[in-house]
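Asks: Based on the hints, put chain B in the right spot on chain A.
Number of protein chains: 2
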Amino acid sequence: MVVELISVGTELLLGNIVNTNAQYLSQKCAGLGLSVYYQSCVGDNAGRLAEAIRLAMSRCDVVILGGGLGPTEDDITKETAASVLGLELVEDAHTKERIKAYMGKGKEIPENNWKQAMVPVGAKVLDNDNGTAPGLIMEKDGTRLILLPGPPNELIPMFQESVIPYLKEIASSAIFSVMVKSCGIGESKVASMLEDIIGAQTNPTIATYAKTGEVDIRVTASASTEKEAKKLVKPVVEKIKERLKEAVFTTDEDVTLEEEVVRLLDKYELTLVTAESCTGGLLGGRLVNVPGVSDVYKAGFITYSNKAKRKYLDVSKNTLKKYGAVSKETAKEMAKGGVFQTDADICVAITGLAGPQGATDEKPVGLVYIACYIDDKVQVKEYHFKGNRNKVREQAVVRALDTVRRCILDKYQETARK
Amino acid sequence: MVVELISVGTELLLGNIVNTNAQYLSQKCAGLGLSVYYQSCVGDNAGRLAEAIRLAMSRCDVVILGGGLGPTEDDITKETAASVLGLELVEDAHTKERIKAYMGKGKEIPENNWKQAMVPVGAKVLDNDNGTAPGLIMEKDGTRLILLPGPPNELIPMFQESVIPYLKEIASSAIFSVMVKSCGIGESKVASMLEDIIGAQTNPTIATYAKTGEVDIRVTASASTEKEAKKLVKPVVEKIKERLKEAVFTTDEDVTLEEEVVRLLDKYELTLVTAESCTGGLLGGRLVNVPGVSDVYKAGFITYSNKAKRKYLDVSKNTLKKYGAVSKETAKEMAKGGVFQTDADICVAITGLAGPQGATDEKPVGLVYIACYIDDKVQVKEYHFKGNRNKVREQAVVRALDTVRRCILDKYQETARK
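Residue numbers (the working numbering), protein chains in the order written: chain A, 3 to 420; chain B, 3 to 420.
Don't read these hints as lab results, they were simulated from the structure.
Among the hints, erroneous ones may be present.
Identical chains share a label here; the pair holds if one copy fits it or two copies do between them.
Below are the EDC-like pairs computed for lysine to aspartate or glutamate, each with C-alpha atoms no more than 16 Å apart in a straight line [as the list claims (entries may be wrong)]:
1) LYS365 - ASP46
2) LYS241 - ASP198
3) LYS30 - GLU13
4) LYS142 - GLU261
5) LYS102 - ASP76
6) LYS388 - GLU141
7) LYS213 - GLU13
8) LYS30 - ASP129
9) LYS324 - GLU13
10) LYS388 - GLU261
11) LYS323 - ASP143
Chain A extracted, bound-state conformation (with noise of 0.2 Å):
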């Protein structure tokens, strides 16, 4: 099945806002099997709308619209694509009890939010839990027009929920998808060392994702049942897990480095300092997604400035000076003084050249030390990476987390999570 994503709105023409809704939709579809041919995105105006849905529905099999489905003026791809098919509007009780709900019971409604409730004639209503316009699904000529509400807090759940059963439901064969998340090989590196899995394999389908620090690894298979294509992907994984060892963290697609991080932590009881310099934060931060993250996550500290790297964490003068703030001794002692400082059982330190100022030959911007605390060892490690200021910082925390995961793993001899 061919699929076509058609995003509507003049807030993305003008650049307001990035098309993350696009990537989402784009990655749940591959993850089902389906093939994206086209992404388009077309302003507020009917007649360029009406246009885009007759040539996505001349081209495809399933044409997904995004955004417009408000109760302002401008929102007008529900009664633009109803046009297109030819279906009159009708009112829909059932929705319109809904709206009343959500807006709440006894507080006056603007009467414009009346117009969500009416549903072109059999289409299918999909309930939204967080707003008031319905999603809607039609079909034509065996070519089905799934609308979706713009905001990705209502489109998201809305497709995670109602339209996935539906897409699996309509495709003609089973679809069973893991996604193995990795850290800590780059991407070229991962795809030589499964080289030979993904040049053997037709079905499950391997497919490599590189996001920043990060390698995650999707296996598709389709069968006739779930069942069948969830035993066609199981041995994929496998091998694929142990080939890379303890770089992979997760096999679960919804669960963050930061929360295998903090799983970890839990599980053994043990609690982590951070000390950052050039991330200023970024480290705490990740870490801080996660809630109720407090119970292991003790403190952070920021040291950007080297007396402040002094005072809080003990790094000595000497060092400083001798070394400088960039190097595996400061890196250390940066780790070692966040222990000692907390009573902490780990800490995490970094400290690193994130440009695009200081550089010199014998330490150049995207140098970075990254230093572990635990059990009264400290160990650390030298960094190249590339790309500008925030990508340099970025990839730093990205490895710490995973240093503080890995130094975890080695304690306690635990290899990659089941």
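Replies: This is chain B only, laid out in the frame that chain A set:
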């Protein structure tokens, strides 16, 4: 002039990456007074790409393609565009020399790189300072086709340096545009405060852009010369600044809120400390976006746990017990503690409930207190931010930066930046 953007790359259709190029190019085109009517995205497939180019040329004056200019066999944008326009490819000696220089002297250059030195007959070549694939501009029947390399760190400088001057040249009129950036007033409030100004204007046009915690207002005028366009823009910008007062933090498009805060700290020789709970270091991370911030940013404390608040910021046990970690009182003590711990001039502190857990009737998710200690005085404000955990935290970071900015303006009776 009507513009269509075509992004080329299977990685976009797989959802591997988010299409930030489309946003960048759309925003820049809007600033140049060009109307982007369509964004489309196709994979590395010659047939579908040729079709997309033909369609775009039939409905637009300028077609900008990004991606698919590299050395691999997958990279077919140039070949496909040339074939649609009926142009032959010939070797460009200048580009060949540049590739040689870029790849490094004496090094062996993989054969496939020379592919990038082939250019369509008559095309204008845009030098690439950050990679090996040059950009290209072709023309047919008055429609312009602009080909740019896909990686943002190549596309953005090339657009800035070569494409903007070209577009200005071919435009029938000169465009001048200023971005007024504001913080602390919501988008709908800004819109209503400027309603009469926006309503009265057709040239310059005024458009508002809402970012997390920030509202930017673009004022764009067209005239026969840039000087005249500037003259049209100036009084409108002045009016907006008068209306929004100190909410305006810059009229320089390239200046970020954190840069403005650091500029003010620098100017008045003030030092800053941060104390973060729910944001867990994100505020520090934003400040360290600014290179050389170590002169004014003394240190940051990430005190997500109550223990850390007590130990590093000297928040009293009694305050935490009586009022809770998310309270005015705790925020104030955190800010005070930050200054006393470090001898900095200013400490900004954030404590809040980012969710999803932990909410009560009195303290809902989104409740955040931001305190600022300066000159032996501490001020604190209560905020109710909407959205999920990340959204709440992002808004808190922006408001904390803005709080520091406004405290300094207050102290020195400075109005908005000139």
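Asks: Next step is simple, just say for each hint if it's right about the structure.
Replies: Checked hints:
Taking the shortest alpha-carbon separations for LYS365 and ASP46, neither the intra-copy value of 52 Å nor the inter-copy value of 39 Å comes in at or below 16 Å. With identical chains, the CA atoms of LYS241 and ASP198 are at most 16 Å apart within one copy only, with a shortest distance of 11 Å there and 66 Å across copies. In the homo-oligomer, the alpha carbons of LYS30 and GLU13 lie at most 16 Å apart only across protomers (13 Å), although the nearest pairing inside one protomer, at 24 Å, exceeds that limit. For the identical chains of this complex, LYS142 and GLU261 are neighbours neither inside a copy (44 Å) nor across copies (54 Å), given an alpha-carbon limit of 16 Å.
For a Cα distance limit of 16 Å, the shortest separation of LYS102 from ASP76 qualifies neither inside one copy, at 22 Å, nor across copies, at 52 Å. Proximity of LYS388 to GLU141 under the C-alpha cut-off of 16 Å is found in neither arrangement, the shortest distances being 48 Å within a copy and 36 Å between copies. Taking the shortest Cα distances, LYS213 and GLU13 sit within 16 Å of each other only across copies (12 Å), while inside one copy they are farther apart (27 Å). Neither within a single protomer nor between protomers do LYS30 and ASP129 lie at most 16 Å apart by alpha-carbon distance, with minima of 20 Å and 38 Å respectively.
Taking the closest pair of Cα atoms, LYS324 and GLU13 never come within 16 Å of each other, the shortest separation being 53 Å inside a single copy and 46 Å across copies. In this homomeric assembly, LYS388 and GLU261 never come within 16 Å of each other (Cα to Cα): the closest approach is 26 Å inside a single copy and 24 Å across copies. In this assembly of identical chains, the alpha carbons of LYS323 and ASP143 never lie at most 16 Å apart, being 75 Å within a copy and 66 Å across copies at closest.
Going through the hint list in order, the structure does not satisfy hints 1, 4, 5, 6, 8, 9, 10, 11.
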